[in-house]
Amino acid sequence: MNPVKEKAVIISQKRIAEGIFDMSLRCPGAASLAEPGQFLNLYCRNETRLLPRPISICGIDKEKGNLRLVYRVAGAGTKEFSELKTGDILDLMGPLGHGFTIKDKPAILIGGGIGIPPMLELARAISGRKTCVLGYRDEPFLLEEFAKIAPVAVASEDGMTGVKGTVIDAIREKKVEGGIIYACGPMPMLKAVADYAARQGIEAQISLEERMACGIGACLGCICQTKEKNHHTNVNNSRVCKDGPVFDAKEVVFP
Amino acid sequence: MNPVKEKAVIISQKRIAEGIFDMSLRCPGAASLAEPGQFLNLYCRNETRLLPRPISICGIDKEKGNLRLVYRVAGAGTKEFSELKTGDILDLMGPLGHGFTIKDKPAILIGGGIGIPPMLELARAISGRKTCVLGYRDEPFLLEEFAKIAPVAVASEDGMTGVKGTVIDAIREKKVEGGIIYACGPMPMLKAVADYAARQGIEAQISLEERMACGIGACLGCICQTKEKNHHTNVNNSRVCKDGPVFDAKEVVFP
Amino acid sequence: MKLQVEIAGKSFKNPVTTASGTFGSGAEYEAFVDLAALGAVTTKGVANVPWAGNPTPRLAETCSGMLNAVGLQNPGIDLFCKRDIPHLKEKGASIIVNVCGRTIADYVEVVERLSDEPVDLLEINVSCPNVKAGGIAFGQNPDALFEITKEIKKKARQPVVMKLSPNVTDITEMARAAEAAGSDALSLINTITGMKIDIHRRRLLLANGTGGLSGPAIHPVAVRMVYQVHKACSLPIIGMGGISTGEDAIEMMMAGASMVAVGTANFHNPGATMDVLEGIKSYMEAYNIVDIHEIIGCI
Amino acid sequence: MKLQVEIAGKSFKNPVTTASGTFGSGAEYEAFVDLAALGAVTTKGVANVPWAGNPTPRLAETCSGMLNAVGLQNPGIDLFCKRDIPHLKEKGASIIVNVCGRTIADYVEVVERLSDEPVDLLEINVSCPNVKAGGIAFGQNPDALFEITKEIKKKARQPVVMKLSPNVTDITEMARAAEAAGSDALSLINTITGMKIDIHRRRLLLANGTGGLSGPAIHPVAVRMVYQVHKACSLPIIGMGGISTGEDAIEMMMAGASMVAVGTANFHNPGATMDVLEGIKSYMEAYNIVDIHEIIGCI
Ligand SMILES: Cc1cc2nc3c(=O)[nH]c(=O)nc-3n(C[C@H](O)[C@H](O)[C@H](O)COP(=O)(O)OP(=O)(O)OC[C@H]3O[C@@H](n4cnc5c(N)ncnc54)[C@H](O)[C@@H]3O)c2cc1C
Ligand SMILES: Cc1cc2nc3c(=O)[nH]c(=O)nc-3n(C[C@H](O)[C@H](O)[C@H](O)COP(=O)(O)OP(=O)(O)OC[C@H]3O[C@@H](n4cnc5c(N)ncnc54)[C@H](O)[C@@H]3O)c2cc1C
Ligand SMILES: Cc1cc2nc3c(=O)[nH]c(=O)nc-3n(C[C@H](O)[C@H](O)[C@H](O)COP(=O)(O)O)c2cc1C
Ligand SMILES: Cc1cc2nc3c(=O)[nH]c(=O)nc-3n(C[C@H](O)[C@H](O)[C@H](O)COP(=O)(O)O)c2cc1C
Ligand code: FES
Ligand code: FES
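Chains A, B, C and D, in that order, give the protein sequences. Reading the first sequence from the start, the letters are residues 1 to 255 in our numbering. Reading the second sequence from the start, the letters are residues 256 to 510 in our numbering. Reading the third sequence from the start, the letters are residues 511 to 809 in our numbering. Reading the fourth sequence from the start, the letters are residues 810 to 1108 in our numbering.
Some hints here could point you the wrong way.
Said to hold, decoys possible - If you anchor each label on the Cβ, the simulated ranges turn out as follows:
1. B:K403 with C:D801: 49 to 59 Å
2. B:K334 with D:E960: 33 to 43 Å
3. C:M511 with A:R45: 52 to 62 Å
4. A:D138 with C:H710: 51 to 61 Å
5. C:A690 with A:A74: 45 to 55 Å
6. A:E203 with B:G342: 30 to 40 Å
Honestly, the hints are just simulated from the structure, not real lab data. Treat the numbers as computed from the prediction; the structure is a model and nothing was measured. All residues carry an ideal CB built from backbone N, CA and C; glycine is no exception.
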């Protein structure tokens, strides 16, 4: 499916935790095509910033034509987005990339930090048995929404919420079980998840992050190394924006 | 007097002719110091545009702390200003430069095109006898306001308003007389004015335009050539932003 | 309105092409641009064998610009000929192939391999700053540039466009070396070497250390070099560097470019090439220009 | 928090100075900046005799940058010594004098004239692209740079800081030539040669044709060159090029600059130097850095 370029209208935006914003957009074109695990490219208004910002889709409402994004203010671009008000226009392109492939197996959904938001729409989309494992540094967010959909195990670095430690600690302590893992989060977490899945002998689909320019597979800026030769690039590199962001953990060579 | 850097509030803005805008600003700091013939540096919001835009002061209301600017949309920066609404903030620095020096002689005030606005505040400030000569390309603006203050002779290139031709044609045809000329407008007009004044043997103060960066005499970007050595630059160049924009026509070497 | 231009005897329906490396092999942009409506598609640099390129991060943003250190990752000439050329032809696009290599032999191999392919021009990238071995030296030394141009010209069946690096003291010296060696046209500018430091992590942001600066930030440098080269030699020029509007393109053409390439702007606006083309037309209409040649090198 | 830095044995209270030519002789900015609060004021290039500079237009705006072709207009060393140095001293400023000339003899004359003046450093501008005769050649040819540096060093009583041009193939070659000839420090980068065309009037926008590109657009190029020079030689560096925030300054210092100069940013924000200094302090606080030397060249 071809992505669309669209002028989205901000429906609502609120701060849901320290530096974390929750934004709903009216963008019927992108919404009609969106799937869990895909992302949008958001364009900055400030013209000194040329590159679009990739943000994962956290919620899809195809009927209303709305998409929901939850993001962290990481720098100047996301800061700019966080200042948009209801009714403002935001240029975007999407949906982009290859999302999660839902398999009919008991699922473990693992989100770490700002990798948590995309797991929410995935959790909704999975109709079978599922458990969510969410890892926070400190202040939790989106927790209640997850809890409405599935059992949740929580880990936090500071130990204030749930298990003190990593998502793997939470899985072990809470004895979370399943036949497939879907995960998004920081690289060290994904590496730990991949190792865990390998040891358990189950599939893990992991969503990667890389700096991007085109977002559509043209510039080769955003690759990850892969064990096998990628059919498109003809080398052991896949494009995170196009072949991913979701990859089978077994394919990925961690840096 | 040192200029101030100030966040001005837009009080009102309206389009008064094709591509010409009339803007009032609350900027008590700059307003308290402003004199006819001085200008402001307006900063763009779009961060790709680094250089401030110099715009002459068209009206001064020291009591209210307001300044009025009338400007033409010439490019991207002035376009940006023209889109500002009441209540918006505009960064500025001013007042800048050396304005007109009012002498106690019957005055001829000559404005050409977008050089007309600064003559309005000057006309108000001159209490003695005065005649205004305004030259337009086509559509006139500010005409009624001038007419309330002083007798006005008008010239237009298309001949639709007043004398068909230049301000010099209007002066001749309308037999405008005076003991001093104050003028602002395009270079060819100022040159004609300087020649006219020389022939009449009267003083002419002319306001020049040049591309600027600092606006305060530091960068030497905005010079005009002068017959005498300038005491500051120590060469035959004066800084339009600091030594001008108003010069005695006799001093200036026209390019 | 006549938009058609010629470069080394090849004619293109309009002067707008894509800057190599920013437009893939065209297919990725088909959702946004009709490839047949472009003057030509210039493809990502291709070598004799597949290259994996540099580690990530490969990209960084700068003020009105960006740095890239992709390192010429490419699928190799075989897959390129099998997959990308037929696809572009099927879409009705004119094709400029950007060629890279580590040694003269690498380049020659690619050029020979393209002999019978339906390719309009060969653009030779001797200027990519991201390749440590070979590449860069050719683009920064007039003798090396002369040498490689001469060898390529011996074998090339299509016109050869040497693509110059801006990272030199005197761009005209390079242009004259390429001209003397028989280059049929020139293309400039490639990226300017830059660097960004992640001050929070205290390390170079790009894995490669340095990267190539592109985008509107470099436009005035590109215009200057195109102008200088246009005055210094008589080869037709494909001009690029920071073009994102029709006005930028007109400026580049007035400086002397017969054709312009749109690069980084595609990332900000996937329809940038078409917007540039429309902008050129609007300018021509506004100034009653009937043939684009009236503005090429008119300064 | 220790902000004090040293360049060639001279100590400055903090690492922020002004880029020559953007700050006049300081007096113009006194309404916005306490000159004594700066590490130093670097003054506009001064020659042995007054120069009138280029015709206008001398300035053009570009995307996140600007072009200037002022052409080193200056009042000559006599008036400079009589008026500007005493004024700066009275205000409590440390002084770096930027020196220009057409011939080696011109430079040496200025340097000798400054022997007994209360000047901290002599910054030698061999890189201004706007002077047709002399100037530019020194900055683009290592032998010429060696020669002029050596001659200046023979006569200079204050430490000599050669200011390098970025318009070269290899900046490290230039740096090493200056070092070999005895330069006490280096300053970089000067502006990158660029051009703008007025497409509506169909003519070069600047009267001089080309101008020097400065501002945020060139920051990544400046960081790269400072980094390369810092690795290639052991002289202290005054880094400049597009610095407008404390973060830009930190980046430049991490690349290897002991001191930074703020130029074009002053035009957009007359208090830019102080904002940069405050930004440096905030960064140091946030990362618990007690001495600025912890970050100089830390990459
Ligand atoms: C596929 C994908 C999905 C993402 N989903 C989310 C999400 O749902 N919520 C969220 O908060 N963040 C998400 N990110 C990270 C987000 O893209 C960055 O935080 C954001 O681009 C930072 O922009 P900035 O201008 O605020 O920061 P700056 O640091 O000023 O950005 C400078 C440049 O670096 C790039 N960049 C900086 N950090 C990252 C990063 N971590 N990943 C990719 N590019 C980066 C920017 O896009 C920009 O080009 C995602 C990243 C990717 C690749
Ligand atoms: C002392 C002085 C007073 C002025 N007063 C007025 C006024 O009252 N009303 C009015 O409409 N205009 C006035 N101008 C002209 C006004 O400054 C320019 O029209 C404006 O800067 C154009 O900016 P832009 O971004 O719209 O155009 P662009 O062409 O995009 O500007 C690009 C750059 O060129 C500079 N520039 C372009 N044209 C001029 C010009 N004519 N003079 C100086 N710089 C220019 C801009 O400042 C900017 O740096 C005055 C100029 C000067 C020097
Ligand atoms: C991501 C990226 C990849 C590039 N790859 C190539 C390449 O393979 N071969 C080449 O000759 N130039 C390459 N370039 C340089 C561009 O073709 C162009 O010369 C340069 O970016 C300046 O144009 P711009 O400012 O419009 O991007 C690349 C540029 C970018 C940004
Ligand atoms: C208007 C202007 C005038 C300049 N004059 C000089 C000069 O006299 N001598 C010099 O060595 N550099 C001169 N420069 C270069 C600056 O000192 C500085 O090296 C360059 O602008 C890069 O810094 P920036 O991007 O912060 O401006 C000038 C720059 C500008 C913009
Ligand atoms: S961002 Fe261009 S290939 Fe992925
Ligand atoms: S604008 Fe800088 S001296 Fe006038």
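Hint check results:
1. B:K403 and C:D801 have their C-beta atoms about 53 Å apart, which keeps the hinted 49 to 59 Å range intact.
2. Against the hinted window of 33 to 43 Å, the Cβ-Cβ separation of B:K334 and D:E960 comes to about 52 Å, which falls outside the hint.
3. In this structure the supplied range 52 to 62 Å is violated for C:M511 paired with A:R45, their Cβ-Cβ distance being about 34 Å.
4. Taken as a hint, the range 51 to 61 Å is violated for the pair A:D138 and C:H710, whose Cβ atoms sit roughly 19 Å apart.
5. Look at C:A690 against A:A74: about 51 Å separates their beta carbons, and that is inside 45 to 55 Å.
6. Distance hint check for A:E203 and B:G342: the Cβ-Cβ separation is about 57 Å, which falls outside the suggested range of 30 to 40 Å.
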